[in-house]
Amino acid sequence: MKTTNTLMAILAIAVMGFSTSAMASGGGAALKHAEIDVTNQEQLRRGLTVFVDVCMGCHSAKYMTYRGLMAYPELALTREEVDDLRGDKSLMSGMISDMSPEDATESYGKSPPDLSLIVPGRRGGADYIYSLMVGFEHDPDGKIPDGNYNPFYPGGRIAMPDPLSWLDHDAADTAELEQQAHDVSAFLAFIGDPHQNERRAIGCWVVGFLVLLTLVLWRLKVEVWKDVKH
Amino acid sequence: MIEKMMKTQLFAWVDRRTGAEAIIKSQLTEYPAPKNLNYMWNFGSLALLMLVLQIVTGIFLVMYYKPSAEATFGGFTVAFDSVERIMRDVNFGWLIRYMHAVGASMFFLVVYLHMGRGFYYGSFKEPRELLWIIGVVILLIMQGAAFFGYLLPWGQMSFWGATVITNLFGAIPVLGEYVTQILVGGFAIGDPTLNRFFSLHYLFPLLLVAIVGGHVHALHVVHSNNPEGIDLHKPEQMIPFHPYYTIKDAFGVAFFLTIYAYIVFFNPQFAGYFIEVDNYVPANNLSTPAHIAPVWYLTPWYTILRSFESKLIGVLAMGGSLAILFLLPFLCRSAVRSARYRPVYRIMVIMFFVDVIVLGYCGHSAPTPTLKIVGQLSTAYYFLFFAALPFLPKFEKTKPVPEGI
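Going line by line, the protein sequences match chains A and B. Going by numbering that gives the first Met the number 0, the first sequence opens with residue 0, and the numbers climb by one from there. Going by numbering that gives the first Met the number 0, the second sequence opens with residue 0, and the numbers climb by one from there.
Okay, chain B solo, but in the shape it has when bound (with noise of 0.2 Å):
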């Protein structure tokens, strides 16, 4: 088909001004992808497809919704009513405010799947440094906008979640108490944070395409790294990424949107993990829920923030296992890229993906002593994983890597 569109006299204008020939060529018909890969190699479309969701979705509920925190009767406010009118007034507001909050967590979810795959196959090595980097660029900028997004419908959850989130900076040592201010716009979560953070909601998604698009591109520079993680340079190794990956990722889209679509239309708060069942009570700065805790796809950071005393150096280890993402590719020394050749590391970075989980799981729950030790173990094996990389080579044996695929 993209043969054909090719010889037609208006490609051949169009192509005369912009080269398109030679960018669906080298982009698309004839990019070499290796053709060992598995389905862990899908979540980066998924990954695009649900950013273009939120965009969209989120562009249309922009033009009902109403940051403002005044109060109204009842006991609600301006923002909360908007989002019930989205909810049961605007013709498909339901389907589109339901897409886009089941769609927060979906996003997350394949996001993690695909930096899972990164981590198992290492993916993050020479050459691909930069290419990972970026990733986790785009990772801290997708927490920010979910987290800026989440206190938009001004409900319980979004207004002590926010309060919370935003007190941390106050551990700062003396700049602290004015960064809190400049985040919050005042001395607590208020209408003018309603303002700025929907302001941020919206210039976060603009960064996070630009930034996406630095992320392909670096990709289309470096080329896909592969499950037996060695250098491919033979053409037989290779296949075309058109047609044989475009359609391998559109039935992985059609494959994931059977999910997706199941949980927006028959289980859209998902026993309130997507959306909270709090935050379906507005706003009252007058009474403390009795447990708060973030979304799940927050609530691993939020462990290891919790597990220690001091709030300062909670902080730091919160912001240090976000930051440590960005040394991986330094930390980890080993030549050998996938974890199928490297039997200690396999080990280790399936009890990293467990670890995560554990992590996330105790983030959830109402705290007990007994899960506050499991998140103190949990987190301390979150950066001994990354302490202990270098010196892995030092001892672990490789198992012969294959010469071709």
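Only chain A is shown next, with the shape it has when bound in the complex (with noise of 0.2 Å):
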């Protein structure tokens, strides 16, 4: 028994060590924290705005539909509301930016990434957005012209051009474009997995189910056996 409990501990911690051990970021700056709540349906719709109004210059989020903003309660946006913004688009279609990607390859070198998963798809996830919006600087090699030198970006040059231009911003406006690119990275939280809310709230019932289960199973053990002599 007691190599068994040995046995299961080293594995134990193996696992853990496993889950634990942090990937580093792609561009090696220590990440920035994201202030995101992917609940809070103020802060998610103050970010579908600036996803709407910034990002869509040029980016698409092809898997979020018109339809599903107003079908998610966590953005819940009206039918008015879901027009104005869909254009002659229709409800079911993505998020599509009116820039082609032909277009934006012609003017930036490369076509922008599509954003529906951009969250999941980078190693530090939001806190990865959150630090490349507010993290365009001056190269202090002076190499890589201003708009294009992020440190957060894996190689320091991003063809991506300040969307929110914080390179020499006011100081004034610090507060809010940090909140904007809160906000903003909490959108693409959530539609990275836009059931996630739903998923946590019916995990809650559903491990709480297993562990009464497993107690009741475990008394019904000790029971069955308590005739067997060891």
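Simulated from the structure, these hints should not be mistaken for lab results. Please read these numbers as outputs of a predicted model, since none were measured by experiment. Idealized CB from N, CA, C, for every residue including glycine.
One-sided excerpt, in silico: chain A residues whose CB lies under 8 Å from chain B:
{"#": "1", "residue": "K61"}
{"#": "2", "residue": "D113"}
{"#": "3", "residue": "P119"}
{"#": "4", "residue": "R121"}
{"#": "5", "residue": "R122"}
{"#": "6", "residue": "R199"}
{"#": "7", "residue": "G202"}
{"#": "8", "residue": "V206"}
{"#": "9", "residue": "L209"}
{"#": "10", "residue": "L216"}
{"#": "11", "residue": "V227"}
Two chains, two frames, some hints: make the complex.
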């Protein structure tokens, strides 16, 4: 029995070690922390506004449909609000930018990635997005032009030109720009897995039930086994 | 409850035509199991549970999944789109898909613990050699199924993982190129690869079911080993499988499902170990990810592969590291089964478990010179462990084995 316990402990530690060893971010610079709450409707709606006004100039989120903006209770936009956003696009259409990938490639040298899965698809997730938004700086070596230098981006040279105009902004605007970056990070974290709040809510009940079931079966096991002599 | 059911007229009718009563008695209510099995003996039933869960969730996923690498808007493909459709638009599709993706890792976790139990208590030794060998076949088919399944979402790691692994077959002399082309269905991973991997991903679990049936049958012929590793014959040493082990397994299942559900509902990516970050990026044959690594359950073998400069030797070593598991019952010559009474083997086998975990860590991490040496040393110990087994009885002083329990 003792050896079994030792064995189980070794394996448990190994598994925990695997899960907790955090992965380094791609860019090297330590990420800034994004203050996001994917259950906060106000923050998500503010993030949606930033997304539509700024990001969608070039980026799309093809897996986030206009219908979804109404259907997910976290956003719960009205039909009128969605109609304003979508123009002549179908309700079932994803949020597709008006800039074509070809035009974007011509202007910026590469096609902007779709943002539907940008948070689960990047190491650091929402923190990485937030850090990018407020990470534009002057290149200390003076090699990379302003607006293309971002220490949080792998290699430092990013094709996306400073979307929130963070570089050389007025000190008075810092709080507002940071808030926009937090909000859009929250929105992107939400659309990366739009059922995540529902999942966690159901999960509490499922895990709660299973804990009770485990306790009941454990007592039942002890009861059945009490006549077995060791 | 079973006794009551077996007294009904309906059961009598079925029994006359199937011999159900004899089967239930010999396999369940009068099937003798050692009374001293510890909780390490729970992992067989858990592995069976995971096999069933993977098949059931997989069948539902196939109803919505589309195996096509045809490009769609935004650099995605039909296959990637269909997975996201499952995650977003199919009712409870996210649940089914996370259960399947997390289930793959949990399946390997319980199977590795099940195998570790066999290593530690000598469950592979006479008369259970064939039982062990069937188990190794199951492991190989599982690894194949997992590899084929990982391509299906057509993410970056799907694509590049499949590229790396299928290229390995190119190292085989003379036939290598031909074998790779047959496997891939062309000269590079593409739509034909996706379709044949999908087909094989459906075939392999069916093979698994059949072979697991053989595994359980073989077990019921030779019966369970036990922590003392001794042969038990006396009736007072045995208890019937039902109700004692059915309730113990049910408790184990509930405990395991609690952990499984916690991961599925609260942490399905498991920090990139169960679903890799790069696989949320659509496959792009023009952009190689900075670091390509298989999912954790294949990384120990990946390290063995990477430990050799020559690709051919690396491939042979990786194949050999799995093939040597078939030989374990014949390499291990000691008459004593359980590591409890084999002081040297006990240290060796615990070091072997740590070694495999270290190998896994090295395979998962980005390669560095230090990790390379650690990986090479671990690879050396992996093979040394097996090489030393035949000579162990010559100098190992085993402790006296108890007469009974």
